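J.: Here are the chains, one letter per residue:
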Amino acid sequence: MLVNMNLRYLLIPATFLLSNSVQTEQTKINPKDPTEPYYSWKMENYSIKQPIGGRLGNAERGKKVVIDRNRGNCLACHSMPIPEEPFHGTIGPSLNGLASRLNEAQIRLRVVDEQQINPMSIMPGYYRDPKLYRRVLWEYEGQTLLGAQDVEDVVAYLATLK
Amino acid sequence: MPALKQKIAISLLLLSITPSVLSSELKSGYEFLTPMSREMQDDEFSNPGMSTVDKGRNLFNEKGVNDKTCADCHGKEGEIFNAKSLARYPIYDDDENRPITLQEKINLCGEDQLDNVPYVPECIDLVALETFVRYLARGEAINVDISGPMKKHYDAGEKLYFSRIGQYGMSCAHCHVYNQGKKLRGQTLSQGQTNGFPEYRLGPGKVVGIHTRVQECFSSFRAEPYGLGSEELINLEVYLNAKGNSLKVETPAVRY
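Chains A and B supply the protein sequences, listed in that same order.
The opening position of the first sequence corresponds to residue 1 in the working numbering, with each subsequent residue numbered one higher.
The opening position of the second sequence corresponds to residue 1001 in the working numbering, with each subsequent residue numbered one higher.
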């Protein structure tokens, strides 16, 4: 009985490894450069004034990041003025007219780490210190969700939503 | 005294906010389906999960190492089972000193009675057997006993359910408690009830058990999943099933 039991637990890691190999395919699409360092940022008055890593955002590229399911994937939860993409989520507020409610620095904090404003929020922090994450899938260990350039591109795009 | 009054006022305020989300009515995943998928589940001829039930029934009547079959004790159609006791898993096992899931019970029974080598958790054959056995309790109210030594495991499962993990830093509760009923892209978030498991999933097109489904959730928010049949997932299964106590068993359910 005891021997049989042990056999069963030996088999568990085998299936676990199998399930991981399925994941790898999906992650290769992630275009984020893993060698990029983490640039720390400072929250002031519920906003981040300095661009992350001093990058200059580009709204056109930002729109692509917003739509990309492996990067921003913003449409999963938010409705946005992108009618060519079907099925916008309803978990978060609509981002139509966002830029008439918030300035660029305020938008930046919400993209970087929404949980600074609402600790209960489901929204992932797209540029939190990787040290704060728990039990991250090994492919993503030590990485932020988006690269510094992607964050700035998204902020630039969202700032156009007047 | 004003401090006390303040405390009472604050707790009353908190009470009025939180229960509206936390104690909302139990809803099976069935209620979040489109009418077409509901029809598919209800009609046993169109429910794709039924072929897994048949596969399970065949295995149930297959000879083990010592030439005995499950059916020798439980009847060819499993008719000797008490449906009520099938709806109460996971149960506490005094020999193992921990909760055991229905899959594990099937494995233990196979070892003890048929001298079989246990199946790997969540493998196709074991899921088929579980689907067949759980199907016999269709319509029965889920009834997991979380008193006594089970409480500790229920609490551990609950803690995991509410813990943020992974690169997305989400917990199960963020979708299935705080945002149930809302749309994640085209999909409606359900309460994540487990009364239909093992269930037929329309996406991957196969019948899966709870642990496989939960692993997929974890990977989707980029968290290192816990192993199939691991202590953590067994605790989570205790919590999930008990959370749905009084919902009716729907195995094999049709879900997205």
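Read the hints as simulated data drawn from the structure, not as lab findings.
None of these values were measured; they are calculated from a predicted model.
Ideal Cβ positions, reconstructed from N, Cα and C, are used throughout, including at glycine.
Treat each hint with caution, since some may be false.
[Stated by the list, open to error] Below, a sample of chain A positions facing chain B; criterion: calculated Cβ distance under 7 Å:
id: 1; residue: Tyr46
id: 2; residue: Pro124
id: 3; residue: Val136
id: 4; residue: Leu137
id: 5; residue: Leu145
[Stated by the list, open to error] Quick list of in silico lysine-lysine cross-link-like pairs, BS3-like style, CA-CA up to 30 Å:
id: 6; chain 1: A; residue 1: Lys64; chain 2: B; residue 2: Lys1182
id: 7; chain 1: B; residue 1: Lys1183; chain 2: A; residue 2: Lys64
id: 8; chain 1: B; residue 1: Lys1248; chain 2: B; residue 2: Lys1182
id: 9; chain 1: A; residue 1: Lys63; chain 2: B; residue 2: Lys1159
id: 10; chain 1: B; residue 1: Lys1076; chain 2: A; residue 2: Lys162
id: 11; chain 1: B; residue 1: Lys1183; chain 2: B; residue 2: Lys1248
id: 12; chain 1: B; residue 1: Lys1027; chain 2: B; residue 2: Lys1159
id: 13; chain 1: A; residue 1: Lys131; chain 2: B; residue 2: Lys1027
id: 14; chain 1: A; residue 1: Lys49; chain 2: A; residue 2: Lys63
id: 15; chain 1: B; residue 1: Lys1076; chain 2: B; residue 2: Lys1206
id: 16; chain 1: B; residue 1: Lys1068; chain 2: B; residue 2: Lys1084
id: 17; chain 1: A; residue 1: Lys63; chain 2: B; residue 2: Lys1248
id: 18; chain 1: A; residue 1: Lys49; chain 2: A; residue 2: Lys64
id: 19; chain 1: B; residue 1: Lys1152; chain 2: B; residue 2: Lys1183
id: 20; chain 1: A; residue 1: Lys42; chain 2: A; residue 2: Lys64
id: 21; chain 1: A; residue 1: Lys131; chain 2: A; residue 2: Lys42
id: 22; chain 1: A; residue 1: Lys131; chain 2: A; residue 2: Lys64
id: 23; chain 1: B; residue 1: Lys1105; chain 2: B; residue 2: Lys1248
id: 24; chain 1: A; residue 1: Lys162; chain 2: B; residue 2: Lys1159
J.: Within a Cα-Cα threshold of 30 Å, do A:Lys162 and B:Lys1159 meet the stated pairing?
T.: violated, 42 Å
J.: Given the hint that A:Lys63 pairs with B:Lys1248, test it: the Cα-Cα distance must not exceed 30 Å.
T.: Violated, because 45 Å separates the two Cα atoms, which is more than 30 Å.
J.: Given the hint that B:Lys1027 pairs with B:Lys1159, test it: the Cα-Cα distance must not exceed 30 Å.
T.: Cα-Cα ~22 Å, so holds.
J.: Is A:Lys49 within 30 Å of A:Lys63, Cα to Cα?
T.: holds, 21 Å
J.: Within a Cα-Cα threshold of 30 Å, do A:Lys42 and A:Lys64 meet the stated pairing?
T.: holds, 27 Å
J.: Quick one, is the A:Tyr46 hint okay against chain B at 7 Å, beta carbons?
T.: violated, 19 Å
J.: What's the verdict on B:Lys1076 and B:Lys1206, does the C-alpha distance respect the 30 Å limit or exceed it?
T.: Cα-Cα ~25 Å, so holds.
J.: How about A:Leu137: closest beta carbon in chain B under 7 Å, or not?
T.: holds, 5 Å
J.: Given the proposed pairing of B:Lys1183 with B:Lys1248, does the C-alpha separation stay at or below 30 Å?
T.: The given pair, whose Cα atoms are some 25 Å apart, holds under the 30 Å limit.
J.: Do the alpha carbons of A:Lys49 and A:Lys64 lie within 30 Å of each other, as the hint requires?
T.: holds, 24 Å
J.: Holds or violated: the hint that A:Val136 contacts chain B, with Cβ atoms closer than 7 Å.
T.: Hint on A:Val136: holds, closest Cβ of chain B at ~5 Å, below 7 Å.
J.: Would you check the hint for A:Lys131 and A:Lys64, treating anything up to 30 Å between C-alpha atoms as holding?
T.: Holds, at roughly 28 Å.
The structure fails hints 1, 9, 10, 13, 17, 19, 24 (numbered hints given earlier, in ascending order).
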